[in-house]
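Heads up: the protein sequence lines correspond to chains B and P, in order. Taking my numbering, the leading residue of the first sequence gets 37, the next gets one more, and so forth. Taking my numbering, the leading residue of the second sequence gets 37, the next gets one more, and so forth.
A hint or two may mislead.
Any copy, or any two copies together, can satisfy a pair, since identical chains are not distinguished.
As the list claims (entries may be wrong) - The calculated lysine-lysine pairs, modelled on DSSO-like cross-linking and capped at a C-alpha distance of 30 Å, are:
id	residue 1	residue 2
1	LYS289	LYS258
2	LYS368	LYS212
3	LYS42	LYS213
Quick caveat, the hints were computed from the structure, so don't treat them as lab data.
Protein chains: 2
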Amino acid sequence: VKFNGKHYRTVWMEGSSVFLIDQTLLPFEFKIVEIKVHTGTCDAIRDMTVRGAGAIGAAAGFAMAQAFLEAENQAGQGYVDKAKLLIENTRPTAKDLFAATGRVYNAGMMGAGQAVEEAQQIATEYISHALAIGQYGEELIRDQFRILTHCNAGWLAFVDYGSALSPVYAAWNNGKKLFVYADETRPRSQGARLTAWELLHEGIPHCIIPDNAAATLMSQGKVDIVITGADRIAVNGDVANKIGTLEKAILAKEFGIPFYIAAPLSTFDRACRSGAEIIIEERSENEVLFQHGPDPAGIFHTIRVANPGSAAWNPAFDVTPAKYITAIITEKGIIKPSTEEILNIIP
Amino acid sequence: VKFNGKHYRTVWMEGSSVFLIDQTLLPFEFKIVEIKVHTGTCDAIRDMTVRGAGAIGAAAGFAMAQAFLEAENQAGQGYVDKAKLLIENTRPTAKDLFAATGRVYNAGMMGAGQAVEEAQQIATEYISHALAIGQYGEELIRDQFRILTHCNAGWLAFVDYGSALSPVYAAWNNGKKLFVYADETRPRSQGARLTAWELLHEGIPHCIIPDNAAATLMSQGKVDIVITGADRIAVNGDVANKIGTLEKAILAKEFGIPFYIAAPLSTFDRACRSGAEIIIEERSENEVLFQHGPDPAGIFHTIRVANPGSAAWNPAFDVTPAKYITAIITEKGIIKPSTEEILNIIP
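Sequences and hints are given; from them, build the entire structure.
See below:
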């Protein structure tokens, strides 16, 4: 992420501290948070100070490394085992989180220094994988394309560059003219807040649409391609991603528009045979019933936007069956969402 | 509408004043607004102080009647012609609005008293039509049904009872156990604010869902029937309704769930051959970029909920092709969305 001329990663580690761009304050305030202990990093993942598949993965790896550093002066094995459980309970749907904690945990058996090194390695890999996804995905984007994306799978959702937006940035930087429609993505509005913020900073023409307007946009022939990220991909090609992805995928199929998932191989779950096995996180109904933001004077308020006394249902993700997905863009190439191609490519 | 034990219509006329429940303040405040001149009633329709197909129709009829009363001391014919244009430019997609202004205009040729009488007659007809829609539609709702609705097509959207919710109220009052899922309906959140408010006041079990969650709900087998209202229905059965209706209709078809439209015959447009001819109102992007509501202390704020500097697209309605609609519930019975059945039933 470039901000005011300086380059930032979304999440990084120095010494025993994890540093994060606070995504709950964006797009209104750009603030770096320093977190000194793994329990604090867990809080940041849970409350979505850091969010997005790759950024969660990197943060989880760093949290695991923090736990090993803390364990040097603590109870040892029991301490890191407990920490691993705590980290893995923050966001149960995110495969990258489990991939990262597993790798760092194993490395940490050789010592805390190795745990930190492995966590740094994971973060660096996310960047090279995002760049590779951008290169492969860019070939799908032709000049003058109108691209629809859901939620945020850009810089902020990764350590840098992004998954779904990486091909968009690559195409833009190659001189292709583009227009991006960003679904608002209720209830947390990552499209309206984060994707729009990223695109504005990159100077890419875009506009926000209510989630309800996607079908109309498609019916008018104004969408050439849909690209979203993923939080977990089953061996049969079913994809868990932000709530609303399934709707966009069904609509895209209905209107004959190609629908792509962009995700690194760390998002694939070899142990998960189909989407039916994916645990879907349900979050607080308050994310639906309340909204937070600044008034014209810049003072922040939390306001109620729904009927007092009515409950809300707030599943954070949905599962898009493979049959609605044209292909998946990975750092090793573009594959069909079939068991054969997936088992052929994942480690 | 019953509120605190007293019965209200959503809109009514006494003397030369139009009275409205201010729907921009609901669900937080129940307030009746008195409007003394037709230009004020036009403002109330435009800014959605009164909204919903039937309520707009009744309010437009009253506004036209107000213009005739005003014309008695003014320029006569030119004055009412100008007023008719002003009223019809407030919400171009709403067929009921044009039906009402046309009827009251013609009656007004016999005198202002006749204009008022016709406008009162229209409002009364809406109530009997809503009751008839409830009776026909109730047969579609079985005991233990889970009903999904979009936007608000209840009491508030009509003069009383509603269109889409009228069958729900009838089924509930007949002792059927029901559960209603109310789509939030961004950007103006009529589902979360108005439908949830109505259902809570009737004591009907319900919850609000983000618009993005409808497909997941359907995929889990938790929706037995979808019912929405309509703002204009073409002769071929294409239906203009609140933005997002098309998405729900496509999803319902994909998951094999019956999708019904409930609307009086005044919503059908004999002059409109297909949905392609329906003018879709686009509203201010600020409805997407900002939200209004009370903080915990009850103080209202307008806050920004999207990236500053990014634009938004805000079509107020979409068109659902007839092929996605199971049937249309009218005050004369339930019909297929076919040209033959429609031409057979509309006046």
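Hint-by-hint comparison with the structure:
Both within a single protomer and between protomers do LYS289 and LYS258 lie at most 30 Å apart by alpha-carbon distance, with minima of 15 Å and 23 Å respectively. For a Cα distance limit of 30 Å, the shortest separation of LYS368 from LYS212 inside one copy, 23 Å, qualifies, whereas the shortest one across copies, 56 Å, does not. In this homomeric assembly, LYS42 and LYS213 come within 30 Å of each other (Cα to Cα) only inside a single copy, at 26 Å, whereas the closest approach across copies is 60 Å.
The structure fails none of the hints (numbered hints given earlier).
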